[in-house]
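Sequence lines, in order, name chains V, C and U.
Just so we're aligned, residue 4 is where the first sequence starts under our numbering, counting upward by one.
Just so we're aligned, residue 1497 is where the second sequence starts under our numbering, counting upward by one.
Just so we're aligned, residue 571 is where the third sequence starts under our numbering, counting upward by one.
Since the hints were made in silico from the structure, they are not lab data.
Careful, some of the hints might be misleading.
Cross-link-like lysine to any residue pairs, in silico, SDA-like; alpha carbons within 20 Å at most [said to hold, decoys possible]:
no. : chain 1 : residue 1 : chain 2 : residue 2
1   : V       : 183       : U       : 609
2   : V       : 183       : U       : 599
3   : C       : 1502      : U       : 632
4   : U       : 952       : U       : 997
5   : U       : 1026      : U       : 970
6   : V       : 110       : V       : 96
7   : V       : 183       : U       : 924
8   : U       : 608       : U       : 970
9   : U       : 730       : C       : 1695
10  : U       : 1026      : V       : 41
11  : U       : 676       : U       : 657
12  : U       : 943       : U       : 609
13  : U       : 599       : C       : 1612
14  : V       : 183       : U       : 1009
15  : V       : 59        : U       : 970
16  : C       : 1502      : U       : 961
17  : U       : 1001      : U       : 1026
18  : U       : 579       : U       : 996
19  : U       : 579       : V       : 178
20  : U       : 730       : U       : 741
21  : U       : 676       : U       : 702
22  : C       : 1552      : U       : 1007
23  : U       : 943       : V       : 92
24  : C       : 1502      : U       : 943
25  : V       : 5         : V       : 96
26  : V       : 59        : V       : 105
27  : U       : 599       : U       : 871
Every value quoted in this text rests on a predicted model; they were computed, and no experiment measured them.
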Amino acid sequence: MKVGLFVTCLVDLVRPRVGFATLRLLESAGCEVVVPEAQTCCGQPGYNSGAREIAKSLALKVLAEFRDCDYVVAPSGSCSGQVKRHYAGDLFRGAPEEAEFAKLAAKWYELSEFLVDVLKVRQVPGRFEGAVTYHDSCSGLRELGVKQGPRALLRQAGATVTEMAECEKCCGFGGTFSVKLGDISTRMAENKCVNIHASGARVVAGGDLGCLMNIEGRLRREGDTETRVMHFAEIIAGEA
Amino acid sequence: MSAREKILSRIRAAQGRAGSEPTEAELAAVRADIARRERGPQPGIARTADPLAQFKRECDRVGTTHFEAESLAVVPGAVARYLEANGLGRRLVAWHEFAGLDWHAHGITVDDRPARGDDGTGLTGSFCAVAETGTLLLLSSPETPKSTALLPETHIAVASRQRLVDTMEDAFALLRAERGELPRATWFVSGASRTADIEQTLVIGAHGPYRAHVILLP
Amino acid sequence: MQVQSMFFKRTSSMKLDDPVLQRNMKHAKGKFVDLRAKAIVEIDNWEDIRTHAAALRDRTLANLDAYLVEFERNATRRGAQVHWAETAEAACDILVEIARANGVKKVTKSKSMVSEEVNLNERMEAAGIRIIETDLGEYILQLANEPPSHIVAPAVHKSKEEVADLFTVAHGRSRTVEIPELTLEARLALRDHFLTADMGISGANFVIAETGTTLTVTNEGNADMVTTVPKIHCVITGIEKVIPTLEDFATLIRLLPRSAIGQTIANYLTLTTGVKGPGDSDGPEQMHIVLVDAGRTRFVGSDMQEMLRCIRCGACMNHCPVYQNIGGHAYGWVYPGPMGSVLTPVYVGIENAGDLPNASTFCGECQVVCPVKIPLPDLMRKLRERQFDNALRPWGERMAIRAWSFAVQRPKLYAALAAVGSRVAAWMGGKDRVIHWMPGADGWTRGRDMPAPEGKTFRELYRSRPSAKGGGAAISPSLGRGQGEGQP
């Protein structure tokens, strides 16, 4: 089974260890993982900024890079949402490439979906004893329906999932929104941090690096250097 | 070109059709669509085995009190007890259909006229009741003025269990079958008037009645 | 209402720092969101009803001209006069003229967002006609001389103390902050107006083609007063409000109050059809229906037509994390929240409301709660596309997208830039590994640190990995090895 790893631009640039955690999870489950070197970005920042043509050319690039893979996995609900919902569903709707993008969407999985639904992993390699609160990132949750998967995987690792209030509420990241309307974005992150602290957990996990950077950035600005902010892949791969 | 023609031609142009007026064929298609009177999906609460229980449950939720009476003749007594229990005066303004009941025996004075701004209690009938939402459907006519249900502080309505339908769709079907057309005012009432416009705090008695009471006849 | 949407960014920041507003918004949020959630679970086929409702709205919009003409025919048959207004000014002209021709001195009005769009109150007052808002929230705002901040609960931004201050002045009674007493004060003040107004103006939640009916949904009963007592009843509504049949209304009313405020049904569903008949003691002698375009036809037939499905429940704003934090006034026009971020730029010009389509993280909550399934994030994105294509966003932002676009399409260049960027940013993070200030990202670093990168990119590390394939060494003995289910 040849699995393409879509690293995502944020993991590549900011948190390579999330990429390696993903790699470890896939390889240890027996997947033959390929990492196309020319990959850059799924195009979502351009797409959501109104740069439709740029988004389309990046979509074609992604399509070409992963054409030979049986599956593609990304440690991000947001990028996966872009590929699975918006390539065939919008950018190439009615275009000659639509069917190919529909095929790409069908073989593309967000990491937790792939581990739970395809690989049917029963025991993740990592061990993590302690309370973790989980932030549901919007795209994964609402575009892909990712909800129980990451929690089940965290429990497999031995973690106790302590739900925070409004775990499904947006953290305020929103890609370029976080810079363009920084004050509103900050307030949303602040609200998220209040809920994280109230949960009592000292670890907050999520499935999208953008949200995690936003949350971590706000926690640190508030002077909280203790609460750990991690991608669930790090925890379940045993790299926490 | 009139505003009407301009708006219609803009719509038509946007939808790839020429001219400023729908064609006869287009209008016929729309009338055919209307004539289908297609019902939307009906929720479980609209298909209950016991519509009366559903009706009463919904009345309780919106704060409409209810009383089951055996016949029209006992309505004055039921009204008297309700007025007494709520500390209300023994004077009513009522729809004409109730003016002939024996109110005198219960010490109640009834005015057979449309309500004015200062009437305390209004007594009306209803066209039918809707179980799904605990709602009464009222229709206006010279004998059934809307003001009687609206202006007084207390609204007492008489409904018939025989005319309790499951849904609003059923109510409309009954209305078409019996009346053909909608009267000038056709209105669904579910409980007393209310507002939550200050701090989303519910207050009963905004501009219409403070109290709503249903007397259910067989 | 005068457009203030161009000041969104500044106003929203001010609203974030307004402690009274923040308290009021927090309070309201809990009510709207929780009550809706409880109300919709009682409907076992909520999704089916949504789907049906969206389809019926689409079907009507696809033949909007014919449904409007059919509505007009039936309304006219029942004695109403139907007027058409292309613009806000035209709508006001029509209503002012009706009032003048009939010697109207005083008008009572039930809530109508279209009347806010067209500035009706101002125009009426300028013509010497007194117009009195009768929805409690709108009445409060008329006293405060403020526009509504929410389409269902117009005064949601006001505390009871603020209302008490307004009422003390307006009613000349001793001040109370008890909400039932404040409500009673308004009832008493408005009752007399209801009975003595020469003309009533209402909006319409829907108009029904089958019967020529206009329809209002209220809890207070004020629309019933306005449509019953005065000798003239005028309806002002948008052309998109037409629905085919009474059955369609039955479908939509299952969705509307539940989505709006978590109520099973609104207290008064008021269908008015034509003028009073012979012998009727109440009801108007004249009924006028003003069908307003004012930008709506710009949506018709476009790739954004879905917006016209909107039934004005307000669920999108109630659930929007942006709205929840800044309130409605920041949006600068009649319609706040996600629906406003789509409507306002199209109605008043995208150049006057450029931040609105960008005032969303695309979290998608609005689309999930929308009772008629309007893909609000997609529509906001389409507006962003118009901005991008017409160079309507700030220069710096456009250049950043161009530069990013240039790099991401050139993998070697991108890899090199990422490697440098990762190192520089890691260095900037210092030993705390957080960056406190980042050039070009002040919007972020004003209120947050930026977690620093690790210093090398994934692709660099991956390339130098001992075994870039196979990964046998990393196998965990405890790992379950369920195989995939074949090709998807």
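Against the structure, the hints:
A C-alpha spacing of about 36 Å is found between residue 183 of chain V and residue 609 of chain U, which places the hinted pair above 20 Å, so the restraint is violated. A hinted pair counts as satisfied when its Cα atoms are at most 20 Å apart, and residue 183 of chain V with residue 599 of chain U does not qualify at roughly 25 Å. With a C-alpha separation of about 18 Å, the suggested pair residue 1502 of chain C and residue 632 of chain U falls inside the 20 Å cut-off, and the hint holds. Straight-line distance between C-alpha atoms of residue 952 of chain U and residue 997 of chain U comes to about 39 Å, which puts the hinted pair past the 20 Å bound.
At roughly 23 Å between alpha-carbon atoms, residue 1026 of chain U and residue 970 of chain U are farther apart than 20 Å, so this suggested pair is violated. With a C-alpha separation of about 18 Å, the suggested pair residue 110 of chain V and residue 96 of chain V falls inside the 20 Å cut-off, and the hint holds. For the suggested pair residue 183 of chain V and residue 924 of chain U, the alpha carbons sit about 12 Å apart, so the restraint of at most 20 Å is met. For a cut-off of 20 Å, the pair hint linking residue 608 of chain U to residue 970 of chain U is broken: about 45 Å separates their Cα positions.
For the suggested pair residue 730 of chain U and residue 1695 of chain C, the alpha carbons sit about 7 Å apart, so the restraint of at most 20 Å is met. At roughly 17 Å between alpha-carbon atoms, residue 1026 of chain U and residue 41 of chain V fall within 20 Å of each other, so this suggested pair holds. For the proposed pair residue 676 of chain U and residue 657 of chain U, the alpha carbon gap of about 24 Å is over 20 Å, so the pair is violated. Distance hint between residue 943 of chain U and residue 609 of chain U is fulfilled; the C-alpha atoms sit about 18 Å from each other, no more than 20 Å.
Between residue 599 of chain U and residue 1612 of chain C the alpha-carbon distance is near 40 Å, which puts this suggested pair outside the 20 Å criterion. Proximity of residue 183 of chain V to residue 1009 of chain U is assessed by CA-CA distance (about 13 Å); at most 20 Å being required, the pair is judged to hold. Distance restraint check for residue 59 of chain V and residue 970 of chain U: the Cα-Cα separation of roughly 18 Å lies within the 20 Å cut-off, and the hinted pair is therefore satisfied. Note on residue 1502 of chain C and residue 961 of chain U: the hinted pairing is violated, with a Cα-Cα distance of about 31 Å set against a maximum of 20 Å.
For the proposed pair residue 1001 of chain U and residue 1026 of chain U, the alpha carbon gap of about 16 Å is at most 20 Å, so the pair holds. Annotation: proposed proximity of residue 579 of chain U to residue 996 of chain U is violated, straight-line Cα distance about 31 Å (limit 20 Å). Of the pairs offered as hints, the one joining residue 579 of chain U and residue 178 of chain V holds, with about 17 Å between alpha carbons and a cut-off of 20 Å not exceeded. Only pairs whose Cα atoms come within 20 Å are accepted, and residue 730 of chain U paired with residue 741 of chain U is accepted, the gap being roughly 15 Å.
About 8 Å separates the Cα atoms of residue 676 of chain U and residue 702 of chain U, which keeps this hinted pair within 20 Å; it holds. Restraint check for residue 1552 of chain C and residue 1007 of chain U: the C-alpha separation of about 63 Å exceeds 20 Å, so the hint is violated. Distance check on the hinted pair: residue 943 of chain U and residue 92 of chain V sit about 16 Å apart at the alpha-carbon level, within 20 Å; holds. At most 20 Å may separate the alpha-carbon atoms for a hinted pair to count; residue 1502 of chain C and residue 943 of chain U exceed this at roughly 30 Å.
For the suggested pair residue 5 of chain V and residue 96 of chain V, the alpha carbons sit about 28 Å apart, so the restraint of at most 20 Å is broken. In summary, the hint linking residue 59 of chain V to residue 105 of chain V is supported, as the alpha carbons are separated by about 14 Å, within the 20 Å threshold. Using a Cα cut-off of 20 Å, the hinted pair residue 599 of chain U and residue 871 of chain U is violated, with the two alpha carbons roughly 35 Å apart.
Hints 1, 2, 4, 5, 8, 11, 13, 16, 18, 22, 24, 25 and 27, counting from the list given before, are not met by this structure.
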